[in-house]
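Student: Construct the entire structure; sequences and hints are all you get.
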Amino acid sequence: MSFLSLILKNLLRQRVRTILTVIGISIGITTVVALGVITDSLKATAGEIIQLGGADFMVAQEGAADLAFSIISEETAAELAKRPDVERAEPALFHIVRSGSNPYFALLGREADDVASNPPQLVEGGVFAPGSADEIMLGKRSAADIGAEVGDIVRVEDRDFNVVGIYETGRLYEDAGAYAPLETVQEMAGRQGVVTAVFVTAAPGSDPTTVAAGIEADFSDLATIANVGEYKKVDQGIQLLDAANIAISVLAVGIGAIGVMNTMVMSVFERTREIGILRAVGWSGRRILRMVISESLLLCLVSAVVGSALGVLATRAVLLIDTVTCCSRNTTSTYLFAHWWWRWWLAWRERRTLHFAPCG
Amino acid sequence: MSEAPAALSIRSLVKTFEEGRMRALDGVDLEVGAGEFVAVAGPSGCGKSTLLHLIAALDRADKGSIIVRGKDIEKEINLSRYRARDVGLVFQLDNLLTNLTASENVQVPMFEGTKSAGERRARAEELLALVGLTGKSNSRPSQLSGGERQRVAIARALANDPAILLADEPTGRLDSASGRRILDLLEELRETRGLTVIVVTHDREVAARADRIVEMLDGRIVTGAAGEEGVRASPQAVQE
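Which chain is which? The protein sequence lines are B and U, in order.
The first sequence maps to residues 1 to 360 in my numbering.
The second sequence maps to residues 1 to 240 in my numbering.
No lab work stands behind these hints, which were simulated from the structure alone.
From a predicted model like this one, the values you see are computed outputs, not experimental measurements.
Please note that the accuracy of each hint is not assured.
[What the hints assert, rightly or not] The list that follows gives simulated cross-link-like pairs (lysine-lysine, DSSO-like), each with its CA atoms no further than 30 Å apart: (1) U:K75 / U:K63; (2) U:K75 / U:K115; (3) B:K232 / B:K43; (4) B:K9 / U:K115; (5) B:K9 / U:K136; (6) B:K9 / B:K140.
Tutor: Spelled out as C-alpha cells, the structure:
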C-alpha cells in the first residue's frame with residue numbers, strides 16, 4: 001500500500017462527503033473558468049476591433065464611456081490622414097443593428113476607396129463601388145447566418161442592400177458583421193459627418209507607438225488604442241467586466257475554500273481515534289499533517305479537473321447563445337493553470353488550521 | 001532476577017493528574033529483562049494502565065526515568081520515533097483501521113521506516129503468517145473474528161521489530177479459547193524472537209502464563225518489581 005493509496009482510501013471512506021465537497025469546489029471553479037473564458041473571449045474580440053483593415057492602432061474619442069459613443073468628425077479624420085507619419089487613416093462608423101437572429105450585427109460604414117485600396121480577403125464577389133449607396137459586403141459568418149450569397153438582396157434595419165461580396169478576415173467582430181458605404185451607414189445611424197473611430201497605419205519607417213503618441217499630443221480630445229490594455233481609454237466595459245470577474249472569482253474561490261476547510265476540519269475531528277492509533281503505532285505529527293494535507297490537495301486536484309472540464313462545457317453552452325456568440329471568440333482560457341495554483345495555495349494555508357499536541 | 005540485560009529499567013517514576021491532586025504513580029521502580037514475559041496486575045485504578053502508557057510514551061511522567069535500549073525516553077524529544085521502533089502496542093480493543101485490509105493495517109507503522117511499498121507488503125504477509133493469518137491479508141476487520149483482529153493487531157505491533165511488546169488487556173474482549181490462542185502466540189513470540197512482553201491484565205490465566213507477576217496498588221509496585229523469587233507462583237495473587 002502506498003501513501004497515495006492510503007490517502008485515496010481515507011477519502012473514499014466518506015464517499016458522500018467527499019463527492020459533495022468535490023461538487024462544491026467544482027461549481028466554484030466552473031464559475032471562475034466560465035467567467036474567465038467569456039471575459040477573455042470578449043477581450044479578444046475587443047482586441048480584434050483595433051485591427052480593422054490591418055491597422056496599427058485605432059483612434060477614438062478620449063474618455064468615451066463606450067466605443068459606440070465615440071465621435072470623431074470627418075475633418076479630424078482627414079487631418080489624421082494628412083500626417084506625414086501616417087500611411088493610412090481609415091474612418092469607420094460602427095452601427096449595431098439587429099439582423100436575423102443576431103441582435104448585435106456590426107454594420108461598419110467605410111469609404112469605398114479605403115476598402116478598394118486595402119480589401120479584405122474575399123471569399124466571393126468583390127467590394128462595393130465608390131458612390132454606391134445600397135451595396136454591402138457580408139462577413140463570412142454573417143452570410144452563413146442569414147443564408148445570403150453574392151447577388152442576393154438583404155434587409156438591414158429596414159433598408160435593402162445588394163450583396164456584392166463576401167469576405168473573411170479571421171476577426172470575429174468583422175466576419176459576423178458587414179461593410180457598407182460610410183455615407184449610407186451615417187444616414188442610417190443619424191450621424192452624418194462623424195465617424196466612430198479612425199484606423200491608422202503608420203508610414204513605413206515610422207514607429208506606430210511614436211505616431212500614436214504624436215496624435216495624442218496634437219489632439220487632446222483623441223485617444224489611441226494599440227492593444228486591449230489601452231481599451232479603457234475609450235470603453236469602461238472591459239474594466240467593469242474585469243472587476244466583476246475578479247469579484248465573482250474571489251467569491252467563488254472563497255466559498256470553495258470554506259467548503260474544503262469545513263470538510264477537512266470535520267474529517268480531523270471525526271478521526272481523533274484514528275489519529276490516536278496512528279500516533280500510538282509511531283506516526284509522527286508531521287506525517288499525520290502530511291496525510292491530512294494530501295487528502296485536501298487530492299480533493300482540490302480532482303475538483304480542479306472536474307470544475308475546469310465543466311467550465312469549458314459551460315462556456316461552450318453559453319457561447320451558443322446568439323447574443324454572446326456574436327461578440328465572443330471561442331477561446332481556451334489560461335485560467336485553468338492560474339486556478340490550479342490558487343487551489344494549491346489554499347490547501348497549504350489549511351495546514352495552519354490543524355493543530356496537534358502530540359505527546360512527544 | 002533475569003541474567004539477560006534489562007530491556008526496560010524504570011526508576012522512581014511519578015505521574016500525577018488533575019494538577020497534582022491525583023497521584024497515579026508514586027515512585028515506581030521496575031526492571032524487566034530481555035525476553036521476559038511480565039504481567040502487571042492490580043485492582044482498578046492502581047496505575048497499571050498509566051504505567052503502560054508511560055512506557056509506550058503515550059504520555060510523559062512528572063518525575064523519574066524510563067530506560068529502553070539504553071535511552072531514557074523521558075528525555076527524548078522525538079517520542080514518535082521511539083514508538084515506531086522500540087515498542088509495539090496492543091490494546092484491549094484491536095483498534096484496527098476499518099477502511100484498511102489486514103495487510104494494510106500491519107503496514108501502517110512501516111511508513112515511518114524506509115521500506116518501499118513492495119517491501120512493506122512482503123513484511124506484512126510474513127507477520128500475518130507468523131500470527132497464523134495466512135490467507136486473511138485482504139480481509140477487512142469487519143470480516144475477521146475478534147481473535148483474528150487481535151492477532152492482526154499483534155502483527156501490526158511487530159511491524160518495526162520492536163524490543164518490547166506492550167499489551168493492555170489483550171484478551172479482555174475475547175472468549176476463552178481465543179484468549180488462550182493469543183497467549184500462546186505471545187509466548188511463542190517471546191521464545192522464537194526473544195521479544196520482551198509486558199501485559200497489563202486482570203485475568204488469572206494470563207497472569208499465570210507470565211514469568212513474573214508485578215502487583216500494583218495505589219500507584220506503587222507491591223511485589224515483583226525486580227523478579228523476586230516466588231512471584232510467579234499463585235494466580236490468586238491477581239486481584240480481579
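Student: Each hint: holds or not?
Tutor: Comparing the hints with the structure gives:
1. Between U:K75 and U:K63, the direct Cα distance comes to roughly 11 Å. Compliance with the 30 Å bound is thereby established for this hinted pair.
2. Proximity of U:K75 to U:K115 is assessed by CA-CA distance (about 28 Å); at most 30 Å being required, the pair is judged to hold.
3. A distance of roughly 11 Å separates the Cα atoms of B:K232 and B:K43; the hinted pair therefore holds under the 30 Å criterion.
4. Distance restraint check for B:K9 and U:K115: the Cα-Cα separation of roughly 20 Å lies within the 30 Å cut-off, and the hinted pair is therefore satisfied.
5. Of the supplied pair hints, the one linking B:K9 and U:K136 holds, its CA atoms being roughly 19 Å apart against a limit of 30 Å.
6. Pair hint B:K9 plus B:K140 does not hold up; C-alpha atoms about 55 Å apart against a cutoff of 30 Å.
The structure is inconsistent with hint 6 alone, although it conforms to all the rest.
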